[in-house]
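2 protein chains.
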Amino acid sequence: MGSDLKGNAVIGQSGGPTHVINQSLVGCVEVLKESANVEKILGAHHAVRGIIEEDFIELQDLPQDRLDRIAETPSAALGSSRDKPDDAYCEKIFKVFEKHNVRFFFYAGGNDSSDTCRIVNEKAKSAGYELHAFHIPKTIDNDLVCNDHTPGFGSAARFVAQAFMGDNLDNRALPGIKINVVMGRHAGWLTAASILGRSGEDDGPHLVYVPEVAFDSVKFCQDVDKVYSKHGRCLIAVSEGIHDADGNPMAAKLAEQQGHHVEKDAHGNVQLSGSGALGDFLAQEIKNYLGKKTRVRADTFGYLQRCMVGTASPVDQLEAREAGREAARQALAGDFDGSIAIQRVSDNPYRVEYKRIELSDVAAKTRTLPLDFINTENNNILDSFKDYLGPIVGDLPPVEFLRAQ
Amino acid sequence: MGSDLKGNAVIGQSGGPTHVINQSLVGCVEVLKESANVEKILGAHHAVRGIIEEDFIELQDLPQDRLDRIAETPSAALGSSRDKPDDAYCEKIFKVFEKHNVRFFFYAGGNDSSDTCRIVNEKAKSAGYELHAFHIPKTIDNDLVCNDHTPGFGSAARFVAQAFMGDNLDNRALPGIKINVVMGRHAGWLTAASILGRSGEDDGPHLVYVPEVAFDSVKFCQDVDKVYSKHGRCLIAVSEGIHDADGNPMAAKLAEQQGHHVEKDAHGNVQLSGSGALGDFLAQEIKNYLGKKTRVRADTFGYLQRCMVGTASPVDQLEAREAGREAARQALAGDFDGSIAIQRVSDNPYRVEYKRIELSDVAAKTRTLPLDFINTENNNILDSFKDYLGPIVGDLPPVEFLRAQ
Chain V
1 MGSDLKGNAV IGQSGGPTHV INQSLVGCVE VLKESANVEK ILGAHHAVRG IIEEDFIELQ
61 DLPQDRLDRI AETPSAALGS SRDKPDDAYC EKIFKVFEKH NVRFFFYAGG NDSSDTCRIV
121 NEKAKSAGYE LHAFHIPKTI DNDLVCNDHT PGFGSAARFV AQAFMGDNLD NRALPGIKIN
181 VVMGRHAGWL TAASILGRSG EDDGPHLVYV PEVAFDSVKF CQDVDKVYSK HGRCLIAVSE
241 GIHDADGNPM AAKLAEQQGH HVEKDAHGNV QLSGSGALGD FLAQEIKNYL GKKTRVRADT
301 FGYLQRCMVG TASPVDQLEA REAGREAARQ ALAGDFDGSI AIQRVSDNPY RVEYKRIELS
361 DVAAKTRTLP LDFINTENNN ILDSFKDYLG PIVGDLPPVE FLRAQ
Chain F
406 MGSDLKGNAV IGQSGGPTHV INQSLVGCVE VLKESANVEK ILGAHHAVRG IIEEDFIELQ
466 DLPQDRLDRI AETPSAALGS SRDKPDDAYC EKIFKVFEKH NVRFFFYAGG NDSSDTCRIV
526 NEKAKSAGYE LHAFHIPKTI DNDLVCNDHT PGFGSAARFV AQAFMGDNLD NRALPGIKIN
586 VVMGRHAGWL TAASILGRSG EDDGPHLVYV PEVAFDSVKF CQDVDKVYSK HGRCLIAVSE
646 GIHDADGNPM AAKLAEQQGH HVEKDAHGNV QLSGSGALGD FLAQEIKNYL GKKTRVRADT
706 FGYLQRCMVG TASPVDQLEA REAGREAARQ ALAGDFDGSI AIQRVSDNPY RVEYKRIELS
766 DVAAKTRTLP LDFINTENNN ILDSFKDYLG PIVGDLPPVE FLRAQ
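Respectively, the protein sequence lines represent chains V and F.
For the first sequence, our numbering begins at 1 and goes up steadily by one.
For the second sequence, our numbering begins at 406 and goes up steadily by one.
Quick caveat, the hints were computed from the structure, so don't treat them as lab data.
Incorrect hints may appear among the rest.
[Unchecked claim] In silico DSS-like links for lysine-lysine, alpha-carbon gap of 30 Å or less: (1) V:Lys264 - F:Lys631; (2) F:Lys692 - V:Lys253; (3) V:Lys40 - V:Lys95; (4) F:Lys669 - V:Lys226; (5) F:Lys658 - V:Lys292.
[Said to hold, decoys possible] For each label pair, taking beta carbons as the anchor points, the in silico distance ranges come out as: (6) V:Val270 - F:Thr781: 37 to 45 Å; (7) V:Asn37 - F:Thr781: 54 to 62 Å; (8) F:Lys624 - V:Pro370: 48 to 56 Å.
Glycine included, every Cβ here is placed at the ideal spot set by N, Cα and C.
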């Protein structure tokens, strides 16, 4: 296979940064650099916004050692954006591509980003302009369809697993009730990762609440009471996206109750992260239920989950790099467009493959946590989830503690 | 030197757990195991409470490989307690020691723990009972006098430094105003650690607020406005212990305003950690000042700072181990009581020594961040602090990013 298409390439990084989105950037650049058909490699500064403003960072001459250091660095080196391009915006993108003879377009992001690729490529097609547009998957939420998992998730899951291992030991040393709020708007994948380091019968988290099932704060207090009576302590993982039976996010209801302005992004999503309000509210509910002298604490893991330096999953790093490389290979080989999906071939030994799928297969769809992983009481994650998650996160540091005999 | 004193040993771990308090436990046990004068090594389950309840875990027969795994594990393997023993409590402790022929007592903790050692040893002395009681320093707050730094601080500081490095990159990718609340009731050491990974002129944190100086929320908003106008973004480190000019902690004032019960521990300290209220309040103040559409987020690092698995400082681990060993050596050599202080001998190469100091030198005193490290505007930490902090935290992972040309 091969293609005669020649011209410049544009690469962008969209949405919330992750620990490994720079691996995908570098993987893509590495392959493009080797091709005689690619002249300039233009990094879009702050994603689609950088494209329409023709604000590019040239990447074709970066030496390999600098690329390697960029790849190891969390967050989006090119800058990101939360803009959601509509039809007119995509038209502008296409016009810039025409002007700069851009023939290869790579966009790393979630399902909205694949839709941007698709629309821009349709504009190109109807204008008779040959463009090869590829989406590179990226989201700590792990919610892209057709993927076994997505680059960024493994590292965020590693953070959550290590944080819960440590907090479980902390909660053993000074027993009490502890709530940890984990990122995840519609999907509970990352919250479920809290159980990965659980080994003993009395290890926490003892309760896990994900947005796949409705949340009821009375039932929640009863659950906590039961665990606390049994173990004298209770460690709880709560997704920021938990909502009532009508689908209203608890976090948004709270902000409104407190008379705060409820922020919405370009996608119409209300702000969930960057506030401790949900955790504090749940802590107060427990105190009201169990008595105000009960020791209840709440932490909200926040943005550290996606970008804290030094906490990446090695597997996630490798896979993100390879996803970027594969997108570049496919685009150069002659495919017009597509998204690179990571699919698991075998569990033991763990092996994945990178497949081209249609952009429309990924766009605007959300893959939630299968209900099979949730217990019948809807307040915990089953250990079978570890078989899925373990290889993506990699080995966790061992821990050892003492017990009274 | 040497001592004929023979009998059993008791070890306890007090107060908030740290990443390396088990290193000190294991260091102490290792040395005691080798002594013919020590029969049983009794771990006090949940600190002083375990002593008065005679709830002990025998440690003398633990194999070295298990000890090594325990040492590497964060949090207090014996369990901890927030009890602050008064005179009557210390009398009970002494009675248990008499009953069990305990002749060596080691207590790892903050300045209150050294006071417990002191009082128990005075009881012993007045009863004519020979007891060797040693305090092993431990606190992420780094606030013990006579110490260059304390075991636990280096690892917590490493967490804070890595978190800010990542969050600075995150904030570059998606610019906005971001507040991170860091632990530290009276001392700003840990909050100051936020600057360690700062290298470029526009790297965050751009503003740092510590409890050594009074906090004014109007001045705070003006500071943020200035940075935001200049850089289009602003990353802020705030100590949980910030207080107004009269010394009232902001966090406690807030809880009262919201009609919440303000929790106090046995030491009379109000609850600061385990809530996102302070960060959320400051975010709201900025929105009120700059307009509600400004993107402002707040994260509170919480308990992860002290115990997250996999984030220890290697130097901190070694030093905590050695502090435990040294306490055991001194107690066996014949010293009646004391505290082990880590003192810096040289910066380059970095070298420390472990010295015995008097228990009364450490007890009930707080060492705050010297004002020399704070800028004249009281809203930042000077780079000279890095020379002090760097060797304690160890090398940080390198980061690399791109800039528009």
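Results of checking the hints against the structure:
no., hint, verdict
1, V:Lys264 - F:Lys631, "26 Å, holds"
2, F:Lys692 - V:Lys253, "19 Å, holds"
3, V:Lys40 - V:Lys95, "17 Å, holds"
4, F:Lys669 - V:Lys226, "26 Å, holds"
5, F:Lys658 - V:Lys292, "18 Å, holds"
6, V:Val270 - F:Thr781: 37 to 45 Å, "41 Å, holds"
7, V:Asn37 - F:Thr781: 54 to 62 Å, "58 Å, holds"
8, F:Lys624 - V:Pro370: 48 to 56 Å, "52 Å, holds"
In the structure shown, no violation is registered for any of the earlier numbered hints.
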